[in-house]
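Those sequence lines, one after another, are chains R, X, H, S and F. Here the first sequence is numbered in our numbering, starting from 1 and rising by one per residue. Here the second sequence is numbered in our numbering, starting from 1 and rising by one per residue. Here the third sequence is numbered in our numbering, starting from 1 and rising by one per residue. Here the fourth sequence is numbered in our numbering, starting from 1 and rising by one per residue. Here the fifth sequence is numbered in our numbering, starting from 1 and rising by one per residue.
No lab work stands behind these hints: they were computed from the structure. Incorrect hints may appear among the rest.
To be verified - For lysine-lysine, the following DSBU-like pairs were computed, each having C-alpha atoms within a straight-line distance of at most 35 Å:
hint : chain 1 : residue 1 : chain 2 : residue 2
1    : H       : Lys177    : S       : Lys292
2    : R       : Lys177    : X       : Lys177
3    : F       : Lys177    : R       : Lys177
4    : X       : Lys292    : R       : Lys177
A quick note: this is a predicted structure, and the numbers were derived from the prediction, not measured.
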Amino acid sequence: MSRQPLRALGLSTGKKARLHRILYNAGPANGTALFLPYDQGLEHGPRDFFANPAASDPRYIVRLAVEGGFNAIAIQIGLAEKFYWDFAGEVPLILKLNGKTEIPSDASAVSPLNAGVEEAVRLGADAVGYTLYVGTPAQEQDFAQYRAVRREAERWGMPLIVWAYPRGSAIAGKGGKSSFYAVDYAARTASELGADMVKVNFPDPTRRTGVPAPYDGEHSAQDAVNAVVRSANRSMLLVSGGERTGDEAMLEKARQSMEAGATGLIFGRNVWQREHAESLRFVGRLREILAKYPV
Amino acid sequence: MSRQPLRALGLSTGKKARLHRILYNAGPANGTALFLPYDQGLEHGPRDFFANPAASDPRYIVRLAVEGGFNAIAIQIGLAEKFYWDFAGEVPLILKLNGKTEIPSDASAVSPLNAGVEEAVRLGADAVGYTLYVGTPAQEQDFAQYRAVRREAERWGMPLIVWAYPRGSAIAGKGGKSSFYAVDYAARTASELGADMVKVNFPDPTRRTGVPAPYDGEHSAQDAVNAVVRSANRSMLLVSGGERTGDEAMLEKARQSMEAGATGLIFGRNVWQREHAESLRFVGRLREILAKYPV
Amino acid sequence: MSRQPLRALGLSTGKKARLHRILYNAGPANGTALFLPYDQGLEHGPRDFFANPAASDPRYIVRLAVEGGFNAIAIQIGLAEKFYWDFAGEVPLILKLNGKTEIPSDASAVSPLNAGVEEAVRLGADAVGYTLYVGTPAQEQDFAQYRAVRREAERWGMPLIVWAYPRGSAIAGKGGKSSFYAVDYAARTASELGADMVKVNFPDPTRRTGVPAPYDGEHSAQDAVNAVVRSANRSMLLVSGGERTGDEAMLEKARQSMEAGATGLIFGRNVWQREHAESLRFVGRLREILAKYPV
Amino acid sequence: MSRQPLRALGLSTGKKARLHRILYNAGPANGTALFLPYDQGLEHGPRDFFANPAASDPRYIVRLAVEGGFNAIAIQIGLAEKFYWDFAGEVPLILKLNGKTEIPSDASAVSPLNAGVEEAVRLGADAVGYTLYVGTPAQEQDFAQYRAVRREAERWGMPLIVWAYPRGSAIAGKGGKSSFYAVDYAARTASELGADMVKVNFPDPTRRTGVPAPYDGEHSAQDAVNAVVRSANRSMLLVSGGERTGDEAMLEKARQSMEAGATGLIFGRNVWQREHAESLRFVGRLREILAKYPV
Amino acid sequence: MSRQPLRALGLSTGKKARLHRILYNAGPANGTALFLPYDQGLEHGPRDFFANPAASDPRYIVRLAVEGGFNAIAIQIGLAEKFYWDFAGEVPLILKLNGKTEIPSDASAVSPLNAGVEEAVRLGADAVGYTLYVGTPAQEQDFAQYRAVRREAERWGMPLIVWAYPRGSAIAGKGGKSSFYAVDYAARTASELGADMVKVNFPDPTRRTGVPAPYDGEHSAQDAVNAVVRSANRSMLLVSGGERTGDEAMLEKARQSMEAGATGLIFGRNVWQREHAESLRFVGRLREILAKYPV
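Take these sequences, add in the hints, and give me the full structure.
As structure tokens, then:
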């Protein structure tokens with residue numbers, strides 16, 4: 001499938017301007033995107049930094065986003081307030097609005113708001129991020145919180161990127177959070193609720209226990225990610241790297257995602273859980289893939 | 001029974017103007033209505049699109065609403081924001097305000113708000129839709145949420161269409177969600193609470209286990225739907241197609257509904273879960289029925 | 001020049017939906033417009049109705065708008081509240097938001113607000129009208145009042161039609177209110193300030209006393225109206241009939257306006273200051289002109 | 001004098017991010033700026049477009065800003081709403097917040113607000129512009145209006161560019177609006193009141209009638225513009241082209257301004273009051289000058 | 001590690017001004033800090049005062065803060081209202097905004113707000129304090145309450161000191177509240193969420209039952225506190241004394257903390273749970289340590 005240009009995505013002036021800056025004035029500048037997420041310190045705690053202690057320093061990471069030619073960096077409000085000024089405008093900012101620690105149970109997960117769209121405006125951000133726990137038993141609370149964010153984003157012309165994560169006790173019984181079923185449903189939910197971009201994990205069509213009939217058959221990984229792009233439709237799809245795993249497997253998923261029509265990749269731990277020069281080499285390989293999919 | 005004209009329904013100026021546009025400037029333009037609902041991607045997930053993958057694309061569906069001569073299309077905010085512009089004004093818009101995924105249990109179902117009446121105004125919609133889960137144990141929360149919507153709809157002269165769905169653990173023990181008892185009660189509830197239109201499933205008078213005595217007798221399908229129209233009274237009745245079933249059975253229900261005095265039909269999956277030309281042929285047969293019931 | 005289609009005018013979803021209803025679901029339904037303004041009772045007083053006393057009755061006029069196949073009727077809040085319900089939805093409503101009597105001097109004219117955009121929404125209107133007195137010494141007050149209306153119109157997706165009238169003591173010294181200079185400047189001002197449609201009087205290039213050099217030369221009427229359409233650009237131009245004058249002269253101006261790329265005509269006194277059947281005959285001739293300029 | 005880098009200007013994060021985008025991601029991308037102002041249609045009327053009728057079309061001008069490699073385009077809200085979408089993000093937007101027609105007297109000039117900072121945010125603008133009539137007898141009203149804009153700009157991290165124009169009856173008696181005295185005072189006033197950038201006309205040290213003693217001596221043009229940059233200090237200075245005059249004289253002023261430490265140039269009529277290819281050639285010469293002053 | 005100066009911490013003007021007063025105009029006046037917390041009367045009840053009954057009198061303690069040359073005193077609103085006036089300005093005030101009794105269970109602890117940032121402004125405070133219970137199952141509620149405080153602190157330029165306390169049933173199963181894992185995660189959470197200073201207990205790397213793998217190894221106390229300073233990064237670290245224990249052990253922890261790059265110490269019970277002269281002697285020994293770490 002081929003991706004649609006920005007002008008075909010039903011965007012308001014402000015959202016189009018900001019997405020143009022992200023997609024054409026930064027990174028590969030060809031309409032694809034490579035995002036650097038850095039909220040793992042909150043979501044998982046500092047344990048994620050033991051593999052490369054330098055990565056504990058937010059300044060190191062923001063600089064890496066500049067040096068690596070990322071399209072944007074996604075961080076929480078505390079780091080944005082104290083670390084973005086140094087490089088303001090050198091790499092676009094995605095203010096991640098909600099987030100939580102992993103310490104309590106997430107059977108009924110909701111990710112609490114830590115900042116608002118107005119703060120993203122104040123800091124000169126070009127997008128905001130929201131984690132929606134698709135399928136959580138606390139769905140009503142999550143949708144209500146999300147709705148307020150969506151309206152503010154619409155009001156301010158601020159692109160809204162939804163981290164669409166299947167989560168909670170009900171998902172566990174229906175194939176789990178990385179099943180093709182769950183990822184596909186999550187992408188569609190974000191699209192129905194107005195995401196401008198949707199971040200998903202790469203779908204795993206082999207996880208079939210408990211999934212609805214249409215998903216309980218043989219589907220290739222490529223077919224699965226194709227379907228997810230289709231479900232997201234005018235909400236641009238971002239595929240996340242997740243935990244660090246083997247490079248070749250990650251790069252193959254990246255290729256399949258772009259082939260499917262995804263807009264880009266959002267890779268954190270796979271990038272910065274290694275020494276600096278190695279990080280840049282890996283980023284270089286991701287950028288080589290993106291370079292083949294201009295739009 | 002014969003339907004009443006708009007001027008006899010106790011409507012404010014704005015509601016009358018908008019309903020006139022839906023009922024007389026679109027579709028059969030004879031006071032009847034054929035609506036295309038398209039929020040199944042959220043309510044059921046993308047599994048509903050496997051029968052006709054083209055239907056996964058909201059643009060395909062909005063265009064189908066135009067081509068098929070529907071009176072309106074009902075969609076969630078995300079799709080309205082990104083897909084309605086292309087055809088704005090070519091087919092009236094019903095903004096569906098609430099909706100949820102089917103992943104968590106709906107024993108105590110409430111459908112959370114994803115948008116407000118003000119957004120419907122902003123998008124040029126001619127009506128809003130709200131799913132009321134009649135009989136849910138979470139009735140207080142549902143009614144409270146509904147009440148705010150009704151007040152806003154009244155304030156802005158925006159017609160309010162209630163998806164009146166019997167649902168929740170208590171309904172299961174009293175004949176189930178499609179019993180004559182449950183559908184009739186749902187229609188009346190919507191009418192008592194101020195719906196301008198009520199969407200119900202076709203009542204099934206054979207489901208009698210656990211229903212109150214008056215419903216626990218022999219009632220023909222026609223008698224049942226007659227009663228439901230009467231219960232809705234000045235709230236115009238829309239009968240929904242629900243899951244795709246045999247065409248002739250669907251068309252017979254459509255005829256019986258219109259004969260009973262319903263204002264129209266709301267058919268989604270029965271329309272778009274088939275190939276494009278077939279969809280239009282089926283729509284043509286529905287329109288033939290509506291043509292016989294001008295008001 | 002050829003007019004641009006709605007999709008090329010930089011409109012939001014709501015404005016596009018409402019303008020589509022006005023331009024394609026009413027009147028000639030070919031993208032042109034014939035509007036019936038009826039606020040002369042406030043602006044000039046009942047003296048305007050002596051020529052045809054029936055026209056004093058707002059119901060007579062709203063019905064005339066329906067019978068004559070107008071694209072919309074423009075009235076003040078009082079008449080909208082009491083007379084539009086009868087025909088709600090049968091002809092689109094333009095709520096004229098400001099207006100004044102002609103009794104005091106208009107050397108420093110400002111037209112006070114009598115209603116707001118929210119009331120237009122409530123009544124199901126498809127556009128609002130605002131009189132901007134371009135060049136008035138009270139410019140600051142007028143612009144401030146206008147700004148609030150424009151923002152509300154933008155917020156609600158309500159098309160904003162600006163009656164762009166050169167007025168005030170300074171205009172008198174620069175060619176007067178119907179000079180090519182003044183009308184051209186008025187059209188441009190409305191466009192710079194965000195009008196979706198601009199209503200102007202037909203420009204008179206022979207009025208040259210005191211006008212700036214570029215206007216102080218030989219310009220044909222056609223050249224002048226061409227320039228005015230260009231100055232309005234994506235703000236669609238409506239040419240008004242003004243006082244009743246000879247039919248053939250009026251029709252010639254109508255033809256020249258449409259030839260220049262205007263979107264339509266707004267004729268009040270020329271229509272209803274005559275007996276009913278005559279009114280309809282004159283309207284028929286206007287519609288014949290519009291039929292030649294589909295877009 | 002040498003200009004200071006952005007990090008030395010006392011900017012908040014949002015202002016720094018947005019100014020970085022203007023100064024380093026657009027135009028010469030070396031910290032200098034070439035801005036295209038296009039509000040003359042409102043300020044002077046369409047008479048300014050007779051020299052090159054194509055320039056009457058805002059789309060032509062926005063495209064020219066892209067083609068010419070400008071750092072930003074400055075327009076009023078109406079044009080921003082309807083014309084910026086097409087090129088959103090391809091050239092930064094400066095929303096000019098106030099403006100007026102030249103029709104009434106400007107002896108006590110105040111430029112009324114036509115839009116607010118929030119609208120600039122919504123449209124994805126990277127700066128706002130405000131015309132401050134330094135020295136106007138209506139100073140209190142102007143300062144009050146300006147103060148509200150400044151606070152909003154601070155709140156949203158939006159750079160504020162002040163068009164610092166000496167104006168009004170009192171200025172006329174003290175050397176006139178282009179005297180070294182008046183321009184120098186205007187630059188300082190904008191700086192004292194919080195402008196992030198100040199737009200002035202090139203100071204004319206030969207206009208000495210009625211100016212205070214220190215200005216009533218022999219000052220070279222270079223000395224004058226040096227002083228003005230010093231008066232503006234951390235408010236970056238933009239020198240405007242004003243009315244179209246001879247190219248070589250304009251280019252010399254541009255060189256002197258940059259030599260003085262100005263940040264850039266803002267040229268409208270000198271650019272677009274000529275045929276397209278000629279416009280680009282002239283812009284090329286301006287860019288050659290800017291290329292020599294990186295910071 | 002060496003601490004960074006105030007100018008390198010990404011602070012707004014107001015926060016920098018107030019922190020400069022705390023760090024350079026009070027206490028050792030060398031950029032380090034010694035804070036006196038005095039909210040134990042609320043948190044633990046008067047039982048904490050039995051060791052030195054004089055300490056029950058807030059006036060005694062505020063005077064002690066002055067005499068002992070503390071950088072600030074942290075108290076609840078009631079004591080601030082009644083006791084700070086006497087010494088206002090003689091020692092900086094930290095208004096502790098939330099707090100609770102220890103009587104109910106704190107399995108799902110949240111510390112309720114007792115005052116707001118505006119009251120801190122009114123009282124002339126130079127910082128506010130907030131207790132965040134990192135890992136509590138009531139995380140959503142705590143984050144929401146904290147978020148409002150953070151925004152107010154940002155708005156008013158008021159430094160925000162977070163008491164980052166691991167707490168709640170989930171923490172108990174993962175090494176407990178003083179484990180290296182829990183303290184490190186708490187420091188990072190405060191940093192991600194925008195604390196200007198973070199108060200933690202000294203981490204205990206020997207508490208390893210149930211902690212994630214990276215923490216389940218041999219770590220020296222110095223290594224642990226080094227890591228915690230790194231996790232806090234631009235949020236200055238304060239190490240608290242906690243319960244009174246042996247002086248030499250406390251002083252050793254103080255030395256290790258400062259060696260790690262902490263900004264200072266916050267010692268309450270260890271100071272005032274002894275006779276007055278002894279208190280001052282102990283404070284003197286703490287100040288000797290701080291004197292060795294100017295920045």
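Hint-by-hint comparison with the structure:
Distance hint between lysine 177(H) and lysine 292(S) is unfulfilled; the C-alpha atoms sit about 50 Å from each other, more than 35 Å. A distance of roughly 30 Å separates the Cα atoms of lysine 177(R) and lysine 177(X); the hinted pair therefore holds under the 35 Å criterion. For the hint pairing lysine 177(F) with lysine 177(R), the CA-to-CA distance comes to about 31 Å; that is within 35 Å, so the pair holds. Note on lysine 292(X) and lysine 177(R): the hinted pairing is violated, with a Cα-Cα distance of about 51 Å set against a maximum of 35 Å.
In summary, the structure is inconsistent with hints 1 and 4 from the numbered list given earlier, while agreeing with the others.
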